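Those letters in the sequence shown? Residues 6 to 380, by my numbering.
No wet-lab data here; the hints were simulated from the structure.
Computed from a prediction, not measured in an experiment: that's the story for all the values here.
Any given hint could turn out to be false.
Stated by the list, open to error - Calculated cross-link-like contacts (lysine to aspartate or glutamate; reagent style EDC-like; alpha-carbon spacing at most 16 Å): (1) Lys347 to Asp272; (2) Lys158 to Asp269; (3) Lys255 to Glu173; (4) Lys347 to Glu244; (5) Lys157 to Asp328; (6) Lys255 to Asp342; (7) Lys347 to Glu249; (8) Lys212 to Asp272; (9) Lys343 to Glu275; (10) Lys170 to Asp105; (11) Lys292 to Asp342; (12) Lys157 to Asp272; (13) Lys170 to Glu249; (14) Lys347 to Glu278; (15) Lys255 to Asp269; (16) Lys347 to Glu277; (17) Lys158 to Glu265; (18) Lys164 to Glu265; (19) Lys163 to Asp269; (20) Lys337 to Glu275; (21) Lys163 to Glu277; (22) Lys343 to Glu249; (23) Lys170 to Asp194; (24) Lys255 to Asp167; (25) Lys343 to Asp272; (26) Lys170 to Glu211; (27) Lys337 to Asp272.
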Amino acid sequence: MDILNLIKFFGITILVICCILATYTDVKYGLIPNKLTVSAIIVGLVLVTCYYLLTGSFNLFYYLSVVLVFIFSYILWILGVWAGGDVKLFTAISTLLIPDFMDIIPGCFLFNIRLPLVSSGFSIPTLWVIVNSIFSVVPLLTCIINYTIINKKPYLIKKLTDTIKISECLKSLNLLIIGYWIFSLLNIDNPIIKIVFMLLFTLLVEKIIGDNRNFIILTSIPVISQQVYTGQLIYYIIEFIILEFILIFKNLISTGIVSEVFTDYYDVNELEEGMILSNPLYSSNGKYYFSSYSLRNNLGNLFNKPGGNRIISNNAAGLNNEDIVLLTTLSKGNMIDKIPIKRALPFAPFILSGLILTLVFGNTGILIIKLMELI
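Given the sequences, and given the hints that come with them, work out the whole structure.
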């Protein structure tokens, strides 16, 4: 093994070990040590810089991509999506996972598609890890939500069944396929442009036609007939199941079920530092209240105040001692009642799962396009 392949091997190995250790500490102790992530960031920068020096090339985009991943992860931390340790872990991944290193991974074939798929040009594999981490969250969280509702919060069962919308899934999948057919006529081979076109086409048509069942039937007949005629019906069914899972999860979030399932209510004397508010605390006209939380609302709150002053945020940093003292004072003054606390769920295991999916499948966006080509 030459020196360049040795660097690639060490880079991928260190990356996997780092994510395994981060998963262990996050599950057992509820945190990812700074020593682990900062050390990985330094090692990654040094290792990749040495690689570029030995190859006689300088890739400015690599260093920019590390900064971009940090900024993107930091924004999601502000929005309360994950904790500070996850931000640093994603940054560490961005320093060690580059397209050049992925050719050291043994390949395999799925439906005659060679994996892992690595796109050429300016690509950031860490973004694939983020997307794949979200993909790995969907089935597990869906199972947890179903179990919790059935066993502990049966009053949410009606809301849960309302999230299963087969007609919505049929409509979206048919439009994606039709969008792919239309785009294929343009003879443009850029996968990113292809994905954007398909999504925009689907969203635009859905906006125009709404829940028109006749339209769903009209699109299903030619699409499914084409699958049967070409013998590709199995791929259509697989993509339908995947999309249905994604849409159910989207509906779980948009209806507020996820927030309700992962919210427990505490008395102020039960609060501890590090607990995360499910809803941020606001004050308006001398009154205090916990606002309804959604990712969209939280994004809007970065730029304006929604009818009141935000007193305590619900970001992943959690409550500090001053917050608890304030909540205790407000509770004693009968200004607030029970405190909504978000049930913690470590995200590092999903990051590890996303990394494994990335190392096995590569760019899942391109993989989806390849599967669409089989339909």
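Of the hints stated earlier, which fail here? 4, 5, 6, 7, 8, 10, 12, 15, 19, 21, 22 and 23
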